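Colleague: Listed in order, the protein sequences are those of chains F and B.
Under the working numbering, the first residue of the first sequence carries the number 1, and numbering increases by one thereafter.
Under the working numbering, the first residue of the second sequence carries the number 1, and numbering increases by one thereafter.
Incorrect hints may have been included.
[To be verified] Not everything, but these chain F residues come out facing chain B in the computed CB check (under 8 Å):
(1) K3
(2) E44
(3) Y46
(4) G48
(5) A49
(6) F55
(7) V59
Simulated from the structure, these hints should not be mistaken for lab results.
All of these numbers come straight from a predicted model, not from anything done at the bench.
Note that the Cβ used here is the ideal one computed from N, Cα and C, for glycine as well.
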Amino acid sequence: MKKIEAIIKPFKLDDVKEKLTELGVQGMTVSEVKGFGRQKGHTEIYRGAEYVIDFVPKVKLEIVIKDDIVSKVVETIEKYARTGKIGDGKIFILPVEEAIRIRTGERKEEAI
Amino acid sequence: MYRVLCRLLLVLLNILLYNVPAFGAEGGAVTCDSGNTAWMMISSALVLLMLPGLALFYAGMVRSKNVLATMMHSFLAMSVISIQWVFVGYTLAFGSDKFSLIGGLDFLFLKGIGPETLHGDIPLYIFVMFQGMFAVITPALISGALAERVKFSAFFIFILLWSTLIYDPIAHWVWGEGGWLYKMGALDFAGGTVVHISSGISALAAIFVLGKRKGYLKEKLIPHNLTITLLGAGLLWIGWFGFNAGSALAANTSAGLAFTVTHLASSAAALSWLIYEWIHQGKPSALGFASGIVAGLVAITPGAGFVKPAEAIIIGLIAGILCYRAVLLKVKLGYDDSLDVFGIHGVGGIWGALATGIFVTVGGTGLLSGNWNQLGVQAIGVLATIVYAFVGTYIIAIILDKIVGFRVEDEDEVIGLDQTQHGEIGYNM
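Build out the structure end to end from the sequences listed, making use of the hints.
Modeller: Pasting the structure below:
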């Protein structure tokens, strides 16, 4: 089992979610997050006073999947979250030790 | 027939109940005019509408932790200054003249005024109410400069003292019969000098005592909800029709002119601020548009009954750019006029007063007709108001700061005024 954490542009979420569902991904957790990378922030101007806003809004996707579809999932996210412009985000792949479905007590891949 | 009956009845009631004459200040037989009275009651209510408008306009520009405190400054003035006004304010401004400087105490607590007493052909009570709304909004305007750090109790005392010691005398100079600027022929149709220069300059004086907000020019002290600022600017625009067109004190041609030029000047100023900022900063901002509306309304206020539409548009266009430049000064010079009361009301008011001396063609002549004298008189009015309002407010603020403390503790400022001053939070979401 692997956990995929992807930070993407908010307006790409719908595309990515749809394509991942088509791949057979059965669940995901999405959070609205703020941060910065190479894109840096943007400036806001109020009555002539300029403020640099460091943190840019992004969406974080968390998906736990079986090892065999990891490469397909990553490819899909790469393909559908890309605009080609700075600030498209990042994908992280982490090993997962255990998964438990609370209702039934199922373990491991049965639980995801 | 109805008018005759109405008048007879009024005279009779006066004799029976109050023993005050039912005649206007000018003397002669004047009856209560229903049209004028209706318009003046509506105008008074429209000026009052400017206070929730101002409250929203200001509240959107502060951080969310100070939203209630900021709105309360305007709402507090609605009640405190209304009481102050009938108690002492009205008589200081409009009582019988003393040395051309102040009104006497003959109308203390509206003594001697009854329901049948007239001012011209409207009830004197309505004149008192209409003028009272002006007294209410002026200290509320100052609150924008003190926002996010002033102590509520100190603000309470401040507006009482300021209204009594600064506003009422200046109102007498300009509008009170026998006031020295009135006698000199200074033109101030709806309060450019009395309301806007006085509040704008006093705001500047007060912040020299109050000091800057914590984190000014270092942290992001940015507006928390510009949608309510836009709504507030819209309400101010509507209310200003009462403010300016109501200042004709009748539903007549002068009111019609004031109504028209008020609308055109604010339209022009909103546009000039928007476009100038667009060129200067690259984006046409909503806050800029809202600020331009107010700048135009301020600038046309003194000349509303004296200039024609074309001149009003010029006054507005210049006001938008001038006030925008004035607001930028704050960052350059480093003083913290939180919501730009000086930049918009002070500078817009001074421009409007001088512009009246330049562009007046109705009921007088100005610079455009070769009359330098009017511009000179306007300049004297501006200068006198600047000096008196600045020095007076500075002294009030210093004394207040020594006795009760003008601003909140540092920690309270960081937590926010809503929680520390009022024990509430604006948004529980």
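Colleague: Under the criterion of a CB-CB separation shorter than 8 Å, is F/G48 in contact with chain B as hinted?
Modeller: holds (4 Å)
Colleague: For the restraint on F/A49, tell me whether the closest CB of chain B is nearer than 8 Å.
Modeller: Result: holds, 5 Å to nearest chain B Cβ.
Colleague: Let me know if the C-beta of F/K3 comes in closer than 8 Å to any C-beta of chain B, holds or violated.
Modeller: Nearest chain B Cβ about 32 Å off; hint violated.
Colleague: Given F/E44 as an interface hint, is its Cβ closer than 8 Å to any Cβ of chain B?
Modeller: This hint holds: F/E44 lies near chain B, its Cβ roughly 7 Å from the closest one there, short of 8 Å.
Colleague: Holds or violated: is there a CB of chain B closer than 8 Å to the CB of F/Y46?
Modeller: holds (6 Å)
Colleague: Double-check F/F55 for me: the hint is only fine if its C-beta lies closer than 8 Å to a C-beta in chain B.
Modeller: Cβ of F/F55 sits 11 Å from chain B, so the hint is violated.
Colleague: Taking 8 Å as the limit, does the beta-carbon of F/V59 come near enough to a beta-carbon in chain B?
Modeller: violated (21 Å)
In this structure, the earlier hints numbered 1, 6 and 7 are contradicted, and the remaining ones agree with it.
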